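Participant: Residues per chain are reported as follows:
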Amino acid sequence: MSQNILRQAAEAQFAQEIEELKKHDKHTRPENWLLSPHAVVTYLMGGTLDNGFEISCKYIGNRRLMEIAVATLTTDRALLLYGLPGTAKSWVSEHISAAISGDSGLVIQGTAGTGEDSVRYGWNYAQLLSAGPVPEAIVETPVMRGMKEGKIVRVEELTRIGSDVQDSLITILSEKMLPIPELNTKVMAVRGFNIIATANNRDKGVNDLSSALKRRFNTVILPVPETIEEEVEIVQQRVASFSKSIDLPVEKPILEEINRIVTVFRELRNGVSSDGKTKLKSPSGTLSTAEAISVMNSGLSLAYHFGDASLRADDLASGLIGAIIKDPVQDKIVFQEYMETVLKQRDGWKDIYRACREII
Amino acid sequence: MSVHLLGIRHHGPGSSRHVLNALAEIQPDIILIEGPPEGEAMLSWAAHKDMQPPVALLAYVPDNPQQAVFYPFTIHSPEWNAILYGLNNHIPLRFIDMPLAHGFATEWKETPLHNETSELAAHVRKNPIAYLAEIAGFDDPEEWWEHRFEIAQQPYEVFEAIAESMAALRQTLPQRADRREDIREAFMRKSIRIAQKEGFERIAVICGAWHVPALTQLPKQKEDDALLKNLPKTKVESTWIPWTNDRMAFESGYGAGVESPGWYMHHWQHPDDHGTLWLSHTARVFRENQVDISSAHIIEAVRLAGALAGLRGFPRPGLKELNEATVAVMCMGEPVLMKVIYRELIVGKAFGQIPEGTPQVPLQRNLELLAKRFRIKVVPEHKTLKLDLREENDLQKSILLHRLQLLDINWGTMESVSGKGTFKEEWTLRWYPELTIRLLEKAPWGNTVEEAATKYLKNTASKCTRLDEITPLVQSAIPADLPTALNAVMQKMDELAASTSDISMLMDAFPPLAQVSRYGNVRKTDRESIDLIMTTIFYRAIAGLPAGCTGIDDEQAAVMTDKIKEVNQAIRMLEKPELTEDWTAALETIFHADRTAPFIQGYCCKALYDSRQLGMDSTFNAFSKALSPSNEPSASANWLEGFLTDAATVLILDDVIWAVVNDWLQSLDDETFLQVVPLLRRTFANFSNVEKRKIAGRAKQGKAGALIPQTIDIDPQRAEKVLPVLEMLMGF
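If you read the sequences in order, they're chains G and B.
Quick note: the first sequence uses UniProt numbering, first residue 1, plus one each step.
Quick note: the second sequence uses UniProt numbering, first residue 1, plus one each step.
Because the hints were derived from the structure by calculation, they are not lab data.
For clarity, every value in this text was computed on a predicted model and none was experimentally measured.
Hints are supplied without guarantee of correctness; some may be wrong.
To be verified - Per the computed footprint, the stretches of chain G lying under chain B, defined by three or more beta-carbons under 8 Å from a beta-carbon of chain B, are: (1) 30–41; (2) 157–169; (3) 211–221.
Said to hold, decoys possible - Derived pair list, reagent style SDA-like, types lysine to any residue, alpha-carbon separation capped at 20 Å: (4) Lys339/B to Pro223/G; (5) Lys339/B to Arg284/B; (6) Lys26/G to Gly310/B; (7) Lys320/B to Phe286/B; (8) Lys339/B to Ile221/G.
What the hints assert, rightly or not - Quick list of simulated restraints, FRET-style, between CB atoms: (9) Glu358/G to Ser688/B: 54 to 64 Å; (10) Gly322/G to Glu288/B: 48 to 58 Å; (11) Ile135/B to Gln237/G: 25 to 35 Å; (12) Glu555/B to Asn259/G: 44 to 54 Å; (13) Ile135/B to Phe306/G: 47 to 57 Å; (14) Val336/B to Thr341/G: 26 to 36 Å; (15) Glu555/B to Thr341/G: 46 to 56 Å; (16) Val690/B to Glu358/G: 43 to 53 Å.
All C-beta atoms, glycine included, are put in the ideal place defined by N, C-alpha and C.
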């Protein structure tokens, strides 16, 4: 049955890696951790074990950031991963919790509608009406379960949650307990419990953390990839794993296409052409690596299902334009300028220029 | 008899500790230190109670002070501690490096061999520790050394380990022909031999780790002697100068510096600190900079730093761990805030002090004396000094700073002062160690600042061959109050002016002189001689001016107009009737000459109107004549541009000019209008949007166009009542 699952959880997908790491882990493990902090960092950054087993690299970027993130979870502060959309925040948090707790499923997706009952606990109203406030009538949230079992809980998009609800995390984080006044009892957190929250610093109109809550978090800012090589590697890796999981055979070497897409994204993001000669306007979107990945993926699907399975500029153009033009008026002008000043002039890029021209 | 080689890392606090422990154990009867023998005489000052590191031993060639080397020392420098140890225990000290007398006299050329191994060797030689760190898997050499040797509180074996690793490094690396290094090490060996011959029993040698293997086994004396034969020599002098923490990062006599002297200092003073104290300091700095940091933050940061060190397998957190913890816990992950920590703590603001009476060159002593008299501290910190030149003391300060500027010693930089009058000056003072070199460089010019500045200025002036070279000298010489030098400069200026046929240079020379003549009296300068020269330059300039305005291209015309504008302003400022008259006459000649460049003509028309030489009617006539359709369109455009250059405000506020332009525009028939529209556009394009909007607004209102002088009946009695209030407002 597991073959049919669209996307495996990290701990299932990399079960073997975690198992091997566990076997060869010589460092001390904090209580209720699956692996030692050292092994968790190895799991994230990749490496070769003593028996030659290859651990794949999950986060391509600065090792120190991962070290800070993991070290934070060994202290009693929670971890806040901060950064632009698409800088692998959720990806990192998923893998960290998979490596530490073997369970990346304790997630609260933060939205403007997330209420206190999905952070602390809810009630099964049928039970509540028939039996009154009894322990059985409580609906546990991921936070409560994480506290009881000593696991890492993930809160996605923390800043989207209303401030009043956010602040209900304060007691949980500082006193490591969750009072249930209705039952005159409380849930005490078991060792190993902690929270990884993610938040992006691009959206406007989000609920900034109160300073009391801020103080409970150590913040790690995940940057956009520093070099083009790094970014191409990320896209390539993710595209390869995508085509494997969707059974898309990749016929031709697509590295060159990846390079082109990443170059377009970087140029627009940085507001200057890669040779540093032309100044460009930046569109309103973030143009993250994640978006570059999805452009490649949709291009591949198009090529496979509607084309002759070889990736062409036409297949990429629609995805590219969709990713860049978020604001139909402003971004369109920006991209048209970019097409005329950069794409058109570049040798060997005529195909992509023409493909974009057709759509715009 | 034994020789103990203590290989150190320059400025490493851990090395310092190890050296002190080793010295206490060895009980040497002589200490040999890597350093220039010329500095030995200055060593005794190190123990002076007023000596406050960081300081640097400065060695220089007296004839050419640009040839200079600094040997910086700070409280955690191993060499410094060894020196203090020697002085306090009355043990003889010697510097054993190659004498700088040879070092400065020879040009050291490295023979570059272009193949891979030698490139690697060069890289390793430059920073052997970085190479070892690379091998050990550290990306930062500082960090590796810190964890390996500085933090580890191990006893004496450290030196053996260092010696061994360096020996291994030197053996495996391909040999590189570096004569300078060979000679330096030969000198060190020679000194060791001498000490041995003199019968010292326990010799301690303190040198950079890299040199240890070369000193371990002494080769035959003959070989060394051959190396050291016939080296050229030059005269070298040395002195102590105060140093600063941010300069510790400098490359100097001890090679590359350290990037985090503040952290090392902390480490030296508090070897047992596991981050608590450091992070408390960090928190304090943040609070001083309006970043709220609670004690809980510190606690968490200490914990995170500890956890990070544990994760990386270090016994205790180093600077990197502490910084990362600070960013994650205190700065919300935002590294920008770390800048202030870097400046205040990691580098630190410490600056040294040297005792009074330390040997100095006379000029240096004179400057210090003056600084003391004026109560200005010679410190490497930014300081603002506000001077009121009407007060004698402030005037003297200003003169001193100006004189130093003449000598290229930019201790102070003048800020533009907002406010009325020329009697106010604002200076930003900041002394930095390179200035000491510049000071030494100027030492041959004289023993006092005044004397040196005078002679230096005279010399510079005598070397000038063009008028535009000497003009700035006049500007800088006057506030420096150097009458004899100024006379020389003036004479030279007169000479040059006579032989100059370039009108634009003459015109450039005029405004500064006018400024001096007008405001020079604040400084009590000799006005007559200036006036004389100014007048001659003025007449020389206007004699050739009309001719100079003909037959030039648009670009030149714009340049010339700028100059005319400046002279015009200067003349108005001078308020000397005879000059004004002649200037106006010159302008008129230019204006009426047919072949004057239209741009200049336009400007002159405007200037003449401004000085009321041209009435409204004649201005109007000139205007429409210049813009009549039969003219070359580009000429008309240039004329208009010249007339209206940066005159948008005039157009908005001056009714006459407005009327002239407006009437002319309205007098055009449709066809002509279409022809001149591009010209107008070109001129108006230079105005800012606000100005254009105002002009448009005005055009909308004043359809009538013609000037309507408004006469209002004023009741003198009532008007008088306003006067006291006005006076109060104006501050009379």
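Participant: Now look at each hint and say whether the structure bears it out.
Facilitator: Against the structure, the hints:
no., hint, verdict
1, 30–41, "holds (count 3)"
2, 157–169, "violated (count 0)"
3, 211–221, "holds (count 7)"
4, Lys339/B to Pro223/G, "holds (19 Å)"
5, Lys339/B to Arg284/B, "holds (15 Å)"
6, Lys26/G to Gly310/B, "holds (14 Å)"
7, Lys320/B to Phe286/B, "holds (18 Å)"
8, Lys339/B to Ile221/G, "holds (17 Å)"
9, Glu358/G to Ser688/B: 54 to 64 Å, "violated (43 Å)"
10, Gly322/G to Glu288/B: 48 to 58 Å, "holds (50 Å)"
11, Ile135/B to Gln237/G: 25 to 35 Å, "holds (30 Å)"
12, Glu555/B to Asn259/G: 44 to 54 Å, "holds (47 Å)"
13, Ile135/B to Phe306/G: 47 to 57 Å, "holds (54 Å)"
14, Val336/B to Thr341/G: 26 to 36 Å, "holds (32 Å)"
15, Glu555/B to Thr341/G: 46 to 56 Å, "violated (30 Å)"
16, Val690/B to Glu358/G: 43 to 53 Å, "holds (44 Å)"
The structure does not agree with the numbered hints 2, 9, 15 stated previously, though it agrees with the rest.
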